[in-house]
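Produce the entire structure from the sequences given, and follow the hints as far as they go.
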Amino acid sequence: EADIYQTPRYLVIGTGKKITLECSQTMGHDKMYWYQQDPGMELHLIHYSYGVNSTEKGDLSSESTVSRIRTEHFPLTLESARPSHTSQYLCASSGSVGTGFEKLFFGSGTQLSVL
Amino acid sequence: QKEVEQNSGPLSVPEGAIASLNCTYSDRGSQSFFWYRQYSGKSPELIMFIYSNGDKEDGRFTAQLNKASQYVSLLIRDSQPSDSATYLCAVNSGNQFYFGTGTSLTVIP
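The listed protein sequences derive, respectively, from chains U and C. Each residue of the first sequence is one higher than the one before, starting from 1 at the first, in our numbering. Each residue of the second sequence is one higher than the one before, starting from 1 at the first, in our numbering.
Hints may be right or wrong, so weigh each one.
[What the hints assert, rightly or not] These stretches of chain C come out as covered by chain U in the derived footprint (C-beta under 8 Å, 3 or more residues):
(1) 22 to 31
(2) 46 to 59
(3) 98 to 106
Note that these hints are calculated values from the structure, not bench results. Keep in mind that this is a model prediction, so the values were computed, not measured. All C-beta atoms, glycine included, are put in the ideal place defined by N, C-alpha and C.
See below:
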């Protein structure tokens, strides 16, 4: 079944640690995205990619980095985690099927807590 | 700046009533429009997609689009407690997706 997979689902980590949030999709989509969302707050786009070796920063400044070496894989890395990075991180991908219009789908998210 | 505005919540409706959620957008070039449902602590789930003026129905959900007024709405008929969630309006414009801040809906049994 086509899906978007994020791991881990929950992560509690100490300040200063390097972390990588994994995201893989079997949707066959070229475009992938990372959003950040605090509880009860709006979504903020932090990174996106329109294809392999293509990455861009989103609207919200983030200290994280991303890579896109394979179409299906779009990991997000924080070199040195801080308490201010505590948030939910949502991976998404988009593609057009049938109608020719893009549709955006989300993974289950990673809830990150930095102590 | 491309903006998506949603009617301020929270919205409370009794079980069995019709819930009406509204959204306006600023970019006339927007091509497609979406409604997502997000339960607390979960990720957004796409529930409706519309790109032509008029109504689109899917079960208890109806999306309505009026491009001239730059307005899109979501009607939920026979509201159920399980519909209690935050509903996000999104538009696709220039190959980017823009989201509203969401409207919190509570269906009271």
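Hint by hint, here is what the structure shows:
1. 22 to 31: violated (count 1)
2. 46 to 59: holds (count 3)
3. 98 to 106: Satisfied; 4 residues make the cut.
The structure fails to meet hint 1 from the earlier list, while all remaining hints are met.
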